[in-house]
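6 protein chains.
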Amino acid sequence: MTDEPSSAAGGTPTDRTVLIVSAHAADFVWRAGGAAALYAKHGNAVHVRCLSFGERGESQGLWKQPGMDVATVKKARRDESSRAAAALGASIGFYDAGDYPLAFTEGLQDRLVEDMRALQPDIILTHAARDPYNLDHQGTHEFVLRCRMIAQAAGHPSEHPPIGAPQVLLFEPHQPEQCGFVPQLLLDISPVADVKLDAMRIMGAQSHLVDYYTDLARRRGVQYVRNGGDRSAVHAEAYQRVFPVTGGALI
Amino acid sequence: MTDEPSSAAGGTPTDRTVLIVSAHAADFVWRAGGAAALYAKHGNAVHVRCLSFGERGESQGLWKQPGMDVATVKKARRDESSRAAAALGASIGFYDAGDYPLAFTEGLQDRLVEDMRALQPDIILTHAARDPYNLDHQGTHEFVLRCRMIAQAAGHPSEHPPIGAPQVLLFEPHQPEQCGFVPQLLLDISPVADVKLDAMRIMGAQSHLVDYYTDLARRRGVQYVRNGGDRSAVHAEAYQRVFPVTGGALI
Amino acid sequence: MTDEPSSAAGGTPTDRTVLIVSAHAADFVWRAGGAAALYAKHGNAVHVRCLSFGERGESQGLWKQPGMDVATVKKARRDESSRAAAALGASIGFYDAGDYPLAFTEGLQDRLVEDMRALQPDIILTHAARDPYNLDHQGTHEFVLRCRMIAQAAGHPSEHPPIGAPQVLLFEPHQPEQCGFVPQLLLDISPVADVKLDAMRIMGAQSHLVDYYTDLARRRGVQYVRNGGDRSAVHAEAYQRVFPVTGGALI
Amino acid sequence: MTDEPSSAAGGTPTDRTVLIVSAHAADFVWRAGGAAALYAKHGNAVHVRCLSFGERGESQGLWKQPGMDVATVKKARRDESSRAAAALGASIGFYDAGDYPLAFTEGLQDRLVEDMRALQPDIILTHAARDPYNLDHQGTHEFVLRCRMIAQAAGHPSEHPPIGAPQVLLFEPHQPEQCGFVPQLLLDISPVADVKLDAMRIMGAQSHLVDYYTDLARRRGVQYVRNGGDRSAVHAEAYQRVFPVTGGALI
Amino acid sequence: MTDEPSSAAGGTPTDRTVLIVSAHAADFVWRAGGAAALYAKHGNAVHVRCLSFGERGESQGLWKQPGMDVATVKKARRDESSRAAAALGASIGFYDAGDYPLAFTEGLQDRLVEDMRALQPDIILTHAARDPYNLDHQGTHEFVLRCRMIAQAAGHPSEHPPIGAPQVLLFEPHQPEQCGFVPQLLLDISPVADVKLDAMRIMGAQSHLVDYYTDLARRRGVQYVRNGGDRSAVHAEAYQRVFPVTGGALI
Amino acid sequence: MTDEPSSAAGGTPTDRTVLIVSAHAADFVWRAGGAAALYAKHGNAVHVRCLSFGERGESQGLWKQPGMDVATVKKARRDESSRAAAALGASIGFYDAGDYPLAFTEGLQDRLVEDMRALQPDIILTHAARDPYNLDHQGTHEFVLRCRMIAQAAGHPSEHPPIGAPQVLLFEPHQPEQCGFVPQLLLDISPVADVKLDAMRIMGAQSHLVDYYTDLARRRGVQYVRNGGDRSAVHAEAYQRVFPVTGGALI
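Protein chains in written order, with numbering that gives the first Met the number 0: chain F, 0 to 250; chain G, 0 to 250; chain Y, 0 to 250; chain A, 0 to 250; chain P, 0 to 250; chain V, 0 to 250.
It is possible that some hints are incorrect.
To be verified - Footprint (simulated), chain Y over chain F, 3 or more residues, beta carbon under 8 Å:
hint	stretch
1	147-160
2	241-247
Said to hold, decoys possible - For lysine to any residue, the following SDA-like pairs were computed, each having C-alpha atoms within a straight-line distance of at most 20 Å:
hint	chain 1	residue 1	chain 2	residue 2
3	V	Lys63	V	Leu208
4	F	Lys63	F	Ala44
5	F	Lys74	F	Arg200
6	G	Lys40	G	Gly88
7	A	Lys63	V	Lys40
8	A	Lys74	V	Pro156
9	V	Lys63	G	Glu158
10	Y	Lys63	F	His159
11	P	Lys63	Y	Glu158
12	A	Lys63	V	Leu208
13	F	Lys63	P	Pro156
14	F	Lys63	P	Ser157
15	A	Lys63	P	Arg230
16	V	Lys63	G	His159
17	A	Lys40	A	Thr16
18	G	Lys63	A	Thr16
19	F	Lys63	P	His155
20	Y	Lys74	Y	Trp62
21	F	Lys40	F	Thr16
22	V	Lys40	V	Val233
23	V	Lys74	V	Gln59
24	G	Lys74	G	Arg200
25	G	Lys63	G	Leu208
26	P	Lys74	P	Asp95
27	Y	Lys74	F	Thr16
28	Y	Lys63	F	Glu158
29	V	Lys63	G	His155
Calculated directly from the structure, the hints in this document are not laboratory data.
Please read these numbers as outputs of a predicted model, since none were measured by experiment.
Note that the Cβ used here is the ideal one computed from N, Cα and C, for glycine as well.
Okay, chain F solo, but in the shape it has when bound (with noise of 0.2 Å):
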């Protein structure tokens, strides 16, 4: 097949405001670091919400630490996260919910929803709607739909003012098949390649993942020149929407 490049969408914008939720502290990093570092270098807001640590399920290399506790991980996760987000450009802050499972209950839901609110963001990126590996992915693709809605009612009382209707872009599961998960977006993350690869390299918990994430985007990356991207595109990352896009422009 040959693949000339003659779909490419625009070029990113640059003055959006974009909100990554995160269900633990490192999600937002493997399958959002390219979007938030792309945005951030072209002058976007990106602010990133981790709803917990993944204390517990998601950091087992501490764990294999002798005498580790709970405190000592999550401070680790959280300057991990940290330092990964200043590195891709992004604001982040907190919920430390708990993991394993994810307890969504309404102070957690008040927070994002001000959150929303405050932020005015115009793209929500978040988890897919499903996710049998693990729950917490699943019920954080719910929980946002569901604060997005809060966060639109015209009663709802905050000091800000409501928002209006954000895209919501699903970043790729560990396991895409199995969560049905079907790219709908390709994004060409070749211009920060290195900011994402900074940024996971960091994420000491997990380091392992650092190598699967890699050959991920360079896999979506040779999808983007086949479904007509410029070739010169080598890494990409995968999305799925929720909802229809508008706009005056077919592609």
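Please build the complex by placing chains G, Y, A, P and V on the supplied structure of chain F, with the hints as guidance.
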């Protein structure tokens, strides 16, 4: 729900080539007339190819006239569709392959492949993958994908070079839910709504559809705003994609 | 396509009990107002239960008025919905469980289960299984199925006997394709179209929806005839089922 | 779960025309024999059309006999199926189009279209859309939809007028879950269970299926009551629909 | 179709630990009794955990007796299920979490997670992901996946080590097509069919199900042979998987 | 997540006959080369049948050479594929049916049916059911199922006896999510990874795919361990099934 214009994608491009493959001579008017007019208005090249005239199955208005015959129906349909295409700003070609059922012969395939090679479209618009009411429509879907594949083949003999990987967008079937159609793009056709209306009114053989598709465009227009599009939009057309889009923007 | 009235199912029965469970105080008007009016007109008992008033998320018209507060919104919604139900010929009850988000508490469950036991409905109408725009709606779907199950339990303590196996029909969400909604029944509401219109006009807080749902009823009416229904039909409502129907007739 | 007979749909009509399109000469007996007998018993016209005799792929009992040849198998199958149809109260016709694979030629299409035009069926029963075990079955599904579309075309030349929009119901494949078959209608065939049993017993070439389909009818009968049907029902057949039903009743 | 025993997978292993999580006290008997007996017979450890007794919703036989109360129903259910488990060769435990609805509390979660940690199962059997008739069943599905995830977490506090990645198999719901259940494994339970029958007969509260599930096992047995299994098989149980299997064999 | 090797299925068998049906001459190398090498290494018979050489659509490397013609491309492809099959330990046959599009003629059908009859495969490997990028691939899927059905027919004339019910496994398409491909089996090909690499390197016309499929095997290898497979596995291939497996083991 509030609906701020927070997520509108970019404006209409100006240098694309669009190919619309219509099973019958009028399908493109009802279902993609807005896209055709919008792209033509912005200087893009828009080409329509009708596989058949829809002379048997989609011309009941004509067949109600006494003494009607196939040649007369075809001529009337050709005239109507040609005028509608002109009104939209599109070129048009007819393959006259018969309808109810459409015969997807090797000869028909050669013609469409050669046209794809000659036109080098960036975007192809055609029917949805499934339509239990109209097998000609779902047959056209598969046929277009097959011809696209052939036109991409390096070893396919032709005086024209292989095509790249044009995006394929599916326009809305008459009863979308029964066809598994899910809108992924709502296209703002408000600036050309009057042009589409003029084109639809030309289609005398199916005049009962003018109101139906005008209502539909308003319905999709309301949804356009609900999904974050600019509040000035009134009329829209819905499209589903076959392949992921590529680019540097999340929306 | 010709469209002879060859497959119309039987007429409206006269001795059924219909229960409509509406997430917010107005949903039943837009989406099932025709069914309610039609069944009431034929002497069936029609009962509406609104889980919340939709005071926060579905009353933007009211919130635009200066000095508005929740109590006033609730009262206005109660008044509107009560008058609309009366116009349709249905009884109505309000559970006032809050909205955006609706809290599906044990207490709410007890109330609906007890009402199901007391009313012994033959038919239950409620929301679709999935609605990414409105988690209250999809929550209501699951909640209704859960309450139906409890109300069937021989060992559930109540002064009323267990219910049988009432059919559950889902009315049409605002953006059906995004919700996986597929019409399995098109209900001819032409004889009560004016009644539904009157009821819709009562809903002052969401008056922009009157045209939207009037257009929708005409659209479904056209499809009604296309699917073999009597040509006299002009307005219809679409429903999806959860369980198979039983009986001695193929249509 | 209790199971009160709360939702039984109306009784069997008396003035319909039913057309059953069977890929092989025996399929209609196992899968729609109850519907055929029930409708015939109530005075409806029931017509069976067998596209092939199933002489190669569905007559293993006959092929085990020494010296068997195709002509003899066809004759035996024709005799059996004719007697079974007579037992059910249905007329029958054979197109002898060959099996394994069935050849869906233009000639075959002309015959079925013309029969549809001549019979003007209100209801068509045929195979499910997918069957990875039996491509003849899934081919027949698509073929029937295509012929229905052609028979509807105003411009299709025929001495008979176009058909309307007959409902299409799919009878149950041998392994329903593998075929994506979901029952939407459970038809009470208890009043004709003995008639169907007699018809099944006539099918000597596949006698091992008599028990299998008798058990299945009982299984569907239990589900019939579970889904709210009258408790007197013992045997049922399951059907899936292609198009929405129309009418004035919710069940 | 001929059906040579060409594709039978290997024999029953002898050193596995199987955990069956049953929403109500009897579900495991009807739906996984064959697997339990087969694995127990071969020396594997088989453990059943019943989240509730099904005292309200699945004991209608008992509730028909005058003067019945919940404590008596629970005791009867415990006795029956314990004897059935013993007949099958399985250990059993009861969590008594209530039914219709089952309350998936944190306490219940702690118990199942701790049991998973203690038992270290290789295989988990439980309910399907969706069951519109029985929300307790679909709730159990999600609950089991959640507990599995927690039991895998390195940082979850417990005296037992984390579990690995046990396979999860879903047993067959009462009306499989309505639950999206698709068999991926047909398990030959012929060698223990009499054991399962004995166990089913112990379940006095739901005796009407003995025939239903005996018929079902024969039906799955016929399909077993049709799908290439050994012709000696007569009874089978169907299972669907959640995760891909791993190994060095294609079947 | 920890990932103990708790659920590995049994080892590779030694007496099976495997038939791989490849649309184009190289597909089997990229997608099933590991399975072929693994089964061959264990003494099983592995046969490849290539429906076409992929001379037009999958030989762009060759067509870039000046003065290339179809006969030369075919010869090169035949040579490469023959050497690759030999490297894998498989026999190979070419049907030369043309590509882009592949013509699924009656003659082609006769050849594959006869080969199925002669080879009596226990296992068939072929393409997935859907591939919008490559209609030849999805056509091959349906064609293989059709030929399998014909080869099973007792009355199909042949000197070889009917086949049984061989399992059909689908190998991974190039962009699996777009093709509805869901892995149900991860096959450990680590012991033959070097053999597959050698075979891939022989395919000079598509050398850019060697890295892509090597990366993919590592990715599937990581998932292999994640899904409970032995930690020693490094490379894996993914397969989806068409039919349920049968046997006496749950995994």
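Here is how each hint holds up against the structure:
no., hint, in the structure
1, 147-160, "holds (count 7)"
2, 241-247, "holds (count 3)"
3, V:Lys63 x V:Leu208, "holds, 17 Å"
4, F:Lys63 x F:Ala44, "violated, 37 Å"
5, F:Lys74 x F:Arg200, "holds, 18 Å"
6, G:Lys40 x G:Gly88, "holds, 7 Å"
7, A:Lys63 x V:Lys40, "violated, 39 Å"
8, A:Lys74 x V:Pro156, "holds, 18 Å"
9, V:Lys63 x G:Glu158, "holds, 16 Å"
10, Y:Lys63 x F:His159, "holds, 15 Å"
11, P:Lys63 x Y:Glu158, "holds, 16 Å"
12, A:Lys63 x V:Leu208, "violated, 50 Å"
13, F:Lys63 x P:Pro156, "holds, 14 Å"
14, F:Lys63 x P:Ser157, "holds, 15 Å"
15, A:Lys63 x P:Arg230, "holds, 18 Å"
16, V:Lys63 x G:His159, "holds, 15 Å"
17, A:Lys40 x A:Thr16, "holds, 13 Å"
18, G:Lys63 x A:Thr16, "violated, 26 Å"
19, F:Lys63 x P:His155, "holds, 13 Å"
20, Y:Lys74 x Y:Trp62, "holds, 13 Å"
21, F:Lys40 x F:Thr16, "holds, 13 Å"
22, V:Lys40 x V:Val233, "holds, 18 Å"
23, V:Lys74 x V:Gln59, "holds, 15 Å"
24, G:Lys74 x G:Arg200, "holds, 18 Å"
25, G:Lys63 x G:Leu208, "holds, 17 Å"
26, P:Lys74 x P:Asp95, "holds, 11 Å"
27, Y:Lys74 x F:Thr16, "violated, 38 Å"
28, Y:Lys63 x F:Glu158, "holds, 16 Å"
29, V:Lys63 x G:His155, "holds, 13 Å"
Checked against the numbered hints above, the structure violates hints 4, 7, 12, 18, 27; every other hint is satisfied.
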